[in-house]
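Participant: Start from the sequences, fold in the hints, and give me the full structure.
The working numbering puts the first residue of the sequence shown at 160, with every later residue one more than the last.
No wet-lab data here; the hints were simulated from the structure. Just to be clear, a hint being listed does not mean it is correct.
Stated by the list, open to error - DSS-like cross-link-like pairs, simulated, lysine-lysine; straight-line CA separation at most 30 Å: (1) Lys369 with Lys295; (2) Lys295 with Lys538; (3) Lys209 with Lys408; (4) Lys274 with Lys336; (5) Lys538 with Lys336; (6) Lys369 with Lys336; (7) Lys274 with Lys538; (8) Lys295 with Lys408; (9) Lys542 with Lys531; (10) Lys336 with Lys408; (11) Lys274 with Lys542; (12) Lys369 with Lys209.
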Amino acid sequence: MARGNQPARIGIDVTAAILQGAGIGRYTRELIHALTAIDQHNQYRLFAAKVSADTPITTSLPDTDNTLFRPAPIGERWLYRLWYRARLPLAVQWVTGGLDLFHSPDFVLPPVRGKIPTLLTVHDLSFVHYANTFDKRLVDYLNRVVPWSVNRATHVLADSEATKADLTTLWDVDPAKVTVLYSGVDERFRPITAPNQLQAMRQRYAIGDKPYLLCVGTVQPRKNYQMLIRAFAGIARDWPHNLIFAGGKGWLFDDIFAEVTQQGLENRVQFIGFVDETDLPALYSDATLFLFPSLYEGFGLPLLEAMACGVPVISSNASCLPEVVGDAGILLSPHDPEAWRATIHRLLLNTPRRVALIGAGAMQARRFSWRKSAYHLLKIYDKLLQGELQHG
160 MARGNQPARI GIDVTAAILQ GAGIGRYTRE LIHALTAIDQ HNQYRLFAAK VSADTPITTS
220 LPDTDNTLFR PAPIGERWLY RLWYRARLPL AVQWVTGGLD LFHSPDFVLP PVRGKIPTLL
280 TVHDLSFVHY ANTFDKRLVD YLNRVVPWSV NRATHVLADS EATKADLTTL WDVDPAKVTV
340 LYSGVDERFR PITAPNQLQA MRQRYAIGDK PYLLCVGTVQ PRKNYQMLIR AFAGIARDWP
400 HNLIFAGGKG WLFDDIFAEV TQQGLENRVQ FIGFVDETDL PALYSDATLF LFPSLYEGFG
460 LPLLEAMACG VPVISSNASC LPEVVGDAGI LLSPHDPEAW RATIHRLLLN TPRRVALIGA
520 GAMQARRFSW RKSAYHLLKI YDKLLQGELQ HG
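Facilitator: Here it is in structure tokens:
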């Protein structure tokens, strides 16, 4: 691959992998681990903005003979100001050394030196569709910098066909410039049945002994948790289940917490915060149902993880989510709390239907793997290095 039989020098921005526990951080970590597991030939120069020595996620980066971690001497905020506000042509090779290709998996593309191919991952355009669910300064920043990065990139990866369609229709990006690269689900996501593991997880996050319905995702308006809390109010009257939200606080979350109080559900709804990746399989496995009411997603990885762990899924039918769920879950409008209440109620009553969804979900989850994604990405790298992918 590339340069004859010589290994290619591939730079990847892993800042998100180090600084973000969930979301793009998870995506980047999983993809890089899978990539370096199948490719021992090329050299991977993992670039990141300056991080403190005690950043816990740092140790989860691959440590192989063909990977080299190169942190910048400047922190993320200042580095981004130099690159994307002042637009100083300070090439990423200043940190990584010489490169044959550079891949940014987090929306924005730094300056590069020379005419090397560049690959940019755009996960979604939620900041365009649902600007009111973000901080205005963040929306302004993304609307400036992401189109600029897309225009400069040799090629663009999208998480789903829905995101690719957004890029082509909203920003008039040539469809030939965009390739869909689906996420995967790690093999550690499987049904956990050992009582001691499940009980330890419950104790760790103070969940208690009641059955529960589960949501996983950062607490922010786009996740549509207020609608689900209103729907759950009708469930709480008839069923013993609690509603658990697992995920760190994002932004504009005050109204979400206020909805719990307004519905009188303080003793039935729990926000347990960020859950360590090692605890997620047990958390999914012990849930009665997994609920994903999001208004918009680039992919929706928790849906795959829940299905792989043997949990029936009810999901929003917005954006890319039908691509992920297929026929293996129940899809509902994210704007109809009564439909959510009625569907949850019927599914809790119908054990054979839940069993059928568990089986279908396991089959659907097996269609996605990080190893498969990594092989696909490696082919894209190869085409870029050979000059076979379009520069738009």
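Participant: Compare the structure with each hint and give your call.
Facilitator: The hints, checked one at a time:
1. Between Lys369 and Lys295 the CA atoms are separated by roughly 40 Å; this puts the pair beyond 30 Å, and the hint is violated.
2. Among the hinted pairs, Lys295 with Lys538 is inconsistent with the structure: their alpha-carbon atoms are about 38 Å apart, more than 30 Å.
3. Under the criterion of a C-alpha separation no larger than 30 Å, the hint pairing Lys209 with Lys408 is consistent with the structure, at around 24 Å.
4. Distance check on the hinted pair: Lys274 and Lys336 sit about 17 Å apart at the alpha-carbon level, within 30 Å; holds.
5. Distance restraint check for Lys538 and Lys336: the Cα-Cα separation of roughly 15 Å lies within the 30 Å cut-off, and the hinted pair is therefore satisfied.
6. At most 30 Å may separate the alpha-carbon atoms for a hinted pair to count; Lys369 and Lys336 exceed this at roughly 50 Å.
7. Taken as a hint, the Lys274 and Lys538 pair is honoured in the structure, with Cα atoms around 20 Å apart against an allowance of 30 Å.
8. For the hint linking Lys295 to Lys408, the alpha-carbon distance of about 17 Å falls within 30 Å, and the restraint holds.
9. For a cut-off of 30 Å, the pair hint linking Lys542 to Lys531 stands: about 17 Å separates their Cα positions.
10. At roughly 35 Å between alpha-carbon atoms, Lys336 and Lys408 are farther apart than 30 Å, so this suggested pair is violated.
11. For the proposed pair Lys274 and Lys542, the alpha carbon gap of about 15 Å is at most 30 Å, so the pair holds.
12. At most 30 Å may separate the alpha-carbon atoms for a hinted pair to count; Lys369 and Lys209 exceed this at roughly 43 Å.
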